[in-house]
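**Student:** Residue numbers (the working numbering), protein chains in the order written: chain A, 2 to 321; chain B, 2 to 321; chain C, 2 to 321; chain D, 2 to 321; chain E, 2 to 321; chain F, 2 to 321.
Hint data in this document are derived by calculation from the structure and do not stem from the laboratory.
Just so it is clear, the structure is predicted and the values come from calculations on it, not from any experiment.
Treat the hints with care, as some may be off.
Repeated chains share a single entry, so a pair holds when one copy, or any two copies, can fit it.
Below, computed lysine-lysine pairings styled on DSS-like, alpha-carbon distance capped at 30 Å [claimed, not checked]: (1) Lys138 <-> Lys173; (2) Lys232 <-> Lys98; (3) Lys138 <-> Lys232; (4) Lys232 <-> Lys315; (5) Lys57 <-> Lys84; (6) Lys310 <-> Lys26.
Protein chains: 6
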Amino acid sequence: MKKGIQHARAGTPIDHYLLIKTATKQIASNHKPFLTLILGDQTGEIEAKLWGINEKDETTFCNKTMVHVRGEVIDYRGRLQLKISSIRQVTADDHVKIEDLIRTAPLQKDDMLAVINEFIFDIRNPNLQRLTRSLIKKHEQAFLESPAATRNHHEFMSGLAYHVVSMLNLAKSIVNLYPDIDQDLLYAGVILHDLGKVRELSGAIDTTYTVEGTLIGHISIIAAEIAETAKELHIDGEEVVALQHLVLSHHGKGEWGSPKSPMIREAEVLHLIDQFDARITMMNDALVNIEPGQFSERVMALEQRRFYKPAFQKTPADIL
Amino acid sequence: MKKGIQHARAGTPIDHYLLIKTATKQIASNHKPFLTLILGDQTGEIEAKLWGINEKDETTFCNKTMVHVRGEVIDYRGRLQLKISSIRQVTADDHVKIEDLIRTAPLQKDDMLAVINEFIFDIRNPNLQRLTRSLIKKHEQAFLESPAATRNHHEFMSGLAYHVVSMLNLAKSIVNLYPDIDQDLLYAGVILHDLGKVRELSGAIDTTYTVEGTLIGHISIIAAEIAETAKELHIDGEEVVALQHLVLSHHGKGEWGSPKSPMIREAEVLHLIDQFDARITMMNDALVNIEPGQFSERVMALEQRRFYKPAFQKTPADIL
Amino acid sequence: MKKGIQHARAGTPIDHYLLIKTATKQIASNHKPFLTLILGDQTGEIEAKLWGINEKDETTFCNKTMVHVRGEVIDYRGRLQLKISSIRQVTADDHVKIEDLIRTAPLQKDDMLAVINEFIFDIRNPNLQRLTRSLIKKHEQAFLESPAATRNHHEFMSGLAYHVVSMLNLAKSIVNLYPDIDQDLLYAGVILHDLGKVRELSGAIDTTYTVEGTLIGHISIIAAEIAETAKELHIDGEEVVALQHLVLSHHGKGEWGSPKSPMIREAEVLHLIDQFDARITMMNDALVNIEPGQFSERVMALEQRRFYKPAFQKTPADIL
Amino acid sequence: MKKGIQHARAGTPIDHYLLIKTATKQIASNHKPFLTLILGDQTGEIEAKLWGINEKDETTFCNKTMVHVRGEVIDYRGRLQLKISSIRQVTADDHVKIEDLIRTAPLQKDDMLAVINEFIFDIRNPNLQRLTRSLIKKHEQAFLESPAATRNHHEFMSGLAYHVVSMLNLAKSIVNLYPDIDQDLLYAGVILHDLGKVRELSGAIDTTYTVEGTLIGHISIIAAEIAETAKELHIDGEEVVALQHLVLSHHGKGEWGSPKSPMIREAEVLHLIDQFDARITMMNDALVNIEPGQFSERVMALEQRRFYKPAFQKTPADIL
Amino acid sequence: MKKGIQHARAGTPIDHYLLIKTATKQIASNHKPFLTLILGDQTGEIEAKLWGINEKDETTFCNKTMVHVRGEVIDYRGRLQLKISSIRQVTADDHVKIEDLIRTAPLQKDDMLAVINEFIFDIRNPNLQRLTRSLIKKHEQAFLESPAATRNHHEFMSGLAYHVVSMLNLAKSIVNLYPDIDQDLLYAGVILHDLGKVRELSGAIDTTYTVEGTLIGHISIIAAEIAETAKELHIDGEEVVALQHLVLSHHGKGEWGSPKSPMIREAEVLHLIDQFDARITMMNDALVNIEPGQFSERVMALEQRRFYKPAFQKTPADIL
Amino acid sequence: MKKGIQHARAGTPIDHYLLIKTATKQIASNHKPFLTLILGDQTGEIEAKLWGINEKDETTFCNKTMVHVRGEVIDYRGRLQLKISSIRQVTADDHVKIEDLIRTAPLQKDDMLAVINEFIFDIRNPNLQRLTRSLIKKHEQAFLESPAATRNHHEFMSGLAYHVVSMLNLAKSIVNLYPDIDQDLLYAGVILHDLGKVRELSGAIDTTYTVEGTLIGHISIIAAEIAETAKELHIDGEEVVALQHLVLSHHGKGEWGSPKSPMIREAEVLHLIDQFDARITMMNDALVNIEPGQFSERVMALEQRRFYKPAFQKTPADIL
């Protein structure tokens, strides 16, 4: 078996460090309390029941606790479940860090920051460069750690920065092929388009939406920050309006959360490459464990389609 | 005939002061230039052709010029047109003001400001009151003069303030009938919801959308200003998020331009009374010249419906 | 704990009078029959299982029976359930009336009738007044007891009359603010718009749709009754057509069940205030038990939105 | 050239009896009044201008007047127009009847009535038979003359009865092939489904919608008449509800004007064969003058499609 | 009780031959494996659990095995389940054929083939006749056995041929009533329209979609086969294009899977009678066990509607 | 003025070679025939009237004739028109080729063929390579000359090949950035996806849809050719199904003309880069003559949006 909880099947014995992602107290039909735990590692997550708990257990085995678990994976009514035989909280002697137990982007934070700074350096328009640099500076730490979403795609630690890096590389290729596109405006838009997520989402572990995120949304949050930063930096050229427009319109249309549709060439391009990276990423995630000749599960955010891996695609290209 | 260009019919002689709303130079089939003028007064507008013009005419009869016109209204291919027999620019001796020639709200600016200030005074939550007062102060002059739109409803001078006053009166009735509603938040939302139009629209005469208005929109403009003003006033309670949410969601859903749907009770109420005032106003405009027993023209913004005035509605209530 | 089943939590002991809303016989995996009961009082309802029943129990504990129950509320797979320790049918000595165990409008039937009659009195157009009065007379008893729906809003005893009273008060405010509106036609429309529900719904307890209600619908039912009543009263002015139109169009458009969209000013207003009262009521219901700083459950009929009660709304306005 | 105005082309000389369908007075750019006439015969219609008219002409050449015209068809800006050289009102000596100048169903009224009465005779359920017979009796004359619509299909004299006869024949075939269908209910539904059009439409010539038709619609009109007639005949079986349901649901769904979707087998069948006859008829109309190997004009009511007549369809089946 | 598993109720004893439609191995909470079986006969299917299985049982009781079962039907959480007391594989001595245990069309394969061949004989256009005959020949066996779908309608053995026969009879009636329709093209289209299903579906038992069926679809499969067959038969008249068009457009529009909407008269008719036969069949299936005065279950493919059988429909027409 | 009819303004004198794209005979109000000509060169087209024509003119100045025209551009009712002072047919002495007078791709046909052949060479899967090579071979000449559409984008000579070359370059970049993508399948899909247009469209000049193109469409045409070619080449691996699927699904969904949505990774990528190239191209076309600080016309195929060129985009990147 490949390492990691995602690869476990019914019958797999477990002897793992895992993170309690959520712990919910319930009452069994015999009136005794028990905990339903969602346990995860870098590869995925699994449900487990902790029966016959006492009050101390409730306190010990709470959200975001790292634990060591022994047990076995079983098939319970068609879904996999971890049957716990022993569980204990991790101690300093275990030398386990929380980053080891949650899914994280495949690139290091520092490397991603270096790439992004190079692209900022390539922005020749001084207004756009200063706005972009200043906003990234302001949120640097959160930006490098934040997921890009709570589900669907890039829903893991540093997913936001990873999504931006992928889009920047794509943007560079496209600017080379279609030279009418304004590289400066596009790069600035790519780097800032989802930055509002550092306030919309609650952080890297057990990510939820903040009240502000739910009521205002990352699009309006960052649009307002651009206005504010421009004022601080005494920038008032049309670059401010254009950059706000790119951010506001990057979901493409009203039904998808953008108060304006793209009306600048680079706004349309930003929307297209954002979609492109998201859709490819969701397909890759859906197909990663699928054998040639098989269909994936339905992917909700891709119009509920299933994807087929043709039988002739047996090349190394399938291996991540 | 009632006074005003709106009431003219084919055959009506014209001897009026009118405002040139737009003037467009064209070339006739005999190769001679002519001007197509849209001429208006407080009641409406009409098209006219000015034939055989010279270069001086082009300069004289340009957009936003007040003129005195003699001529006759004719039916040209099913539409009314003003056939000009003489036209001259207005001079100081005519004692005509531009306000006399454009449609204006039925209330005076000062009276509307007084009403709005009373409602601001009734906002007991200090954060909401200070935010509202400060933003109105900042844009007071433009707010009192701006139309609420370029067409559909309240598309006249001071239309924005008039729309706000009508909605405040409606809000007050509704708070009395449904006491769970938070009066403070609702009043603040009503007063600020369309304030971004002072930057979205170009002003009271020959109103168009500014570049910023087209690319950002009044909703995002004012949402950003609320954030900025809150920072200036050192307000950081949840009132700021709530008020931004009311403004962002007041169009009701994405298809209608709101990046968020209403998720606070007062946000839903704001959306409903905004719609209510707009729809009643559009119906009243459509029916104002309709006889009992007749249908109005189709109203585009009311799902292209025509409205019928029942034959038994012969009471003074029909007269504006 | 506030009184009433709606306020019970896991662990709450129960010693209550309750109404059996539905009783369904099922077979357990040990082949023994049991009953699944939905038990309710004025505040809400809860599921319970009655194990090991005999034939007499089946007869005794049927739909619409009042019972006294002792037991405890438990959490069963994430939903609350009442675990019955004893249950008996109510006797005359208990002095419990069915009205005490079902949700009822907050106003008395007689008071609501008085209000409605005053509004009928205010209808000056004799044709509209006679039609309205006659139809209310014909269905008076059922009208005062009927719920306005089986779910969503005003889905309780006398909910229909309560909805009409709320709308009349709203209509009165609006007529004052927008005097072009024909008060007579609007009041008549408000009073009659949902009257077909007395034939569409099965009554106040365990409300379901009748066959006629399902196949014809309350809108067409009352439109036909207006035609019929007009004939009986020898009224044939355009008031009959107008009133039928108000009733037919009050859902706003075809997708929502109206064969015609509003094409008379008062028809549009009727639709808007019907929506207004329904939406406010659903939000109030959703928020009634929500603490400041929390979100409600999703409200199906409000586009599945959740509603947030801002943390600063700690005033008495939150208490019903 | 085939006979009739529909077959005229640019250059065709005209020496015809025609009906003035509409006459509209307009003012030419030389200030002189003229009439725009829509002139028709049994095959179609054409526009004409009557220049230099006096007051008597206005009175003489009004709507629904039969005239004799000489002139020539011309191409004016891409559309055909009749250039009048002489025009006079028809006199008794011309021996022309209005029926000769308007499009009429291809069957005689008496023959259609005979067919319909046979089908009524075949309804064995006495309640359904009596309801159907009584309603047809009540509106017999108007029913036999009314068009089925103002445009799209069966928009000619006696079009309503012709549409019903076609549908009855189709219904008979279908009942034979699918014997589960209740012939009685289906026949009754077919005969009555559009009967409300006798009050919705203004009659056979220059057909428009009545006020009642616009505000109530033929569907609700006949549903109410069924209720009323049942009361007169003392019928209160479920046949009344079922028949009302068939009529109410025959447009299929809300967006198409039905307040209820079909929920009885025969209601669905009625909807399907109504659609079937309408769609075939519209296609036949569109293709009647099309040569093999050519496309028709776009047909608005058939989703704006054009229809192609294959080159191999050169058989007599193409000739009406 | 009527014979057949569809008619069983809780408490019904079972002593039947049944077909294992699917067998799924699962692990119980006591770690022991068990099988969930879906068992069917000609009338319907039911779930059963086979507890405490050994490895031989797994092999014996696999998909598409015929078994004899004794046991009893129980109500398990609101759904019927078969509680097995004994189960054994069928042997030659049982004289049971698989056709006896799966739902099959009510007509014999040979009879249906004879009907279809008669209709082919009636196609006078030689190109259309040869194309149709050749394609039916090529797939004769599969065509006569295939279901028309995996669910919704005609989802049983020989369902495809049965659907075609019903549609041909309907087509014949319609050609008689509307003689403009080209009988040859319509018959050819009816016979071939769904023939691609012989490659789209996996066969008559436990029908699923093939990979080719999922990725290409029966519409494009048969369109390509028509092109190919025409080439083999050296036919290149417009009949080939027209016939491909009928097949490609028979679902009516893009959202329903047709790359082209009908643009030939016979294409529209094919679409309409395909819909007609499908909708009538689904309604008949939904109503077959419904008592007069009752509603059916919701029918997914008929816009989730329930259907009502009127109380007065007590005639033999209700009995299949 | 830049060279070419697209750059002419009212008043521009014309002394040009032009191609008659369409010539339509009409009758003026003075009964004399005239021709409406659409005249074009490599940059665009303009309308002209040729008055007072004789029968020889009709024959001379027909569709697809090259002419030399002298005259002047005028503004006629807001649209530009060419006022002809002299016109004559081109003779051999003019040394003008039709390619000089129609818009053509910016790359040479031979160069594009070379690029495409290199990409075919890079397809390592032999089945995919042979299918692609064979189909391009079969249609080589038409493929290199065909436009990609009649309007919207790449609607010029060799537009199809140019679109394919742009997409191949984009595909290459994307395969580098997302190595999970199967390069072979993607390249084959890009090259073949629109090849059916060589039969769907009538050729490079005055392009219209063929009957086959209208009734079958380029998607189904090429899907059938892939099946046929595979049979000829004795290829029956899953590559055939996969390649057909890519072609069938490349419009993304049913509403846009694809009978299947993408269900293979490379199918989704093909759809995305097809859209990408089309949308960028349409935006570039819309913005090519727009000054910084101005909006373009509305672009129909881009959801009727107008595009803004920011005032700060004054760099050489704007110049084609």
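**Student:** For each hint, tell me whether it holds in the structure or not.
**Tutor:** Checked hints:
1. Taking CA atoms no more than 30 Å apart as the test, lysine 138 paired with lysine 173 passes inside one copy only; the shortest distance there is 22 Å, against 34 Å between copies.
2. Taking CA atoms no more than 30 Å apart as the test, lysine 232 paired with lysine 98 passes in neither setting, with 41 Å inside one copy and 38 Å between copies.
3. In the homo-oligomer, the alpha carbons of lysine 138 and lysine 232 lie at most 30 Å apart both inside one protomer (16 Å) and across protomers (20 Å), since each shortest distance falls under that limit.
4. When the C-alpha separation of lysine 232 and lysine 315 is checked against a cutoff of 30 Å, the pair qualifies only between copies, where the shortest distance is 24 Å, while the shortest distance within a copy is 56 Å.
5. In the homo-oligomer, the alpha carbons of lysine 57 and lysine 84 lie at most 30 Å apart both inside one protomer (21 Å) and across protomers (27 Å), since each shortest distance falls under that limit.
6. Only between protomers do lysine 310 and lysine 26 lie at most 30 Å apart by alpha-carbon distance; the minimum there is 26 Å, versus 41 Å within a single protomer.
Going through the hint list in order, the structure does not satisfy hint 2, though it satisfies all others.
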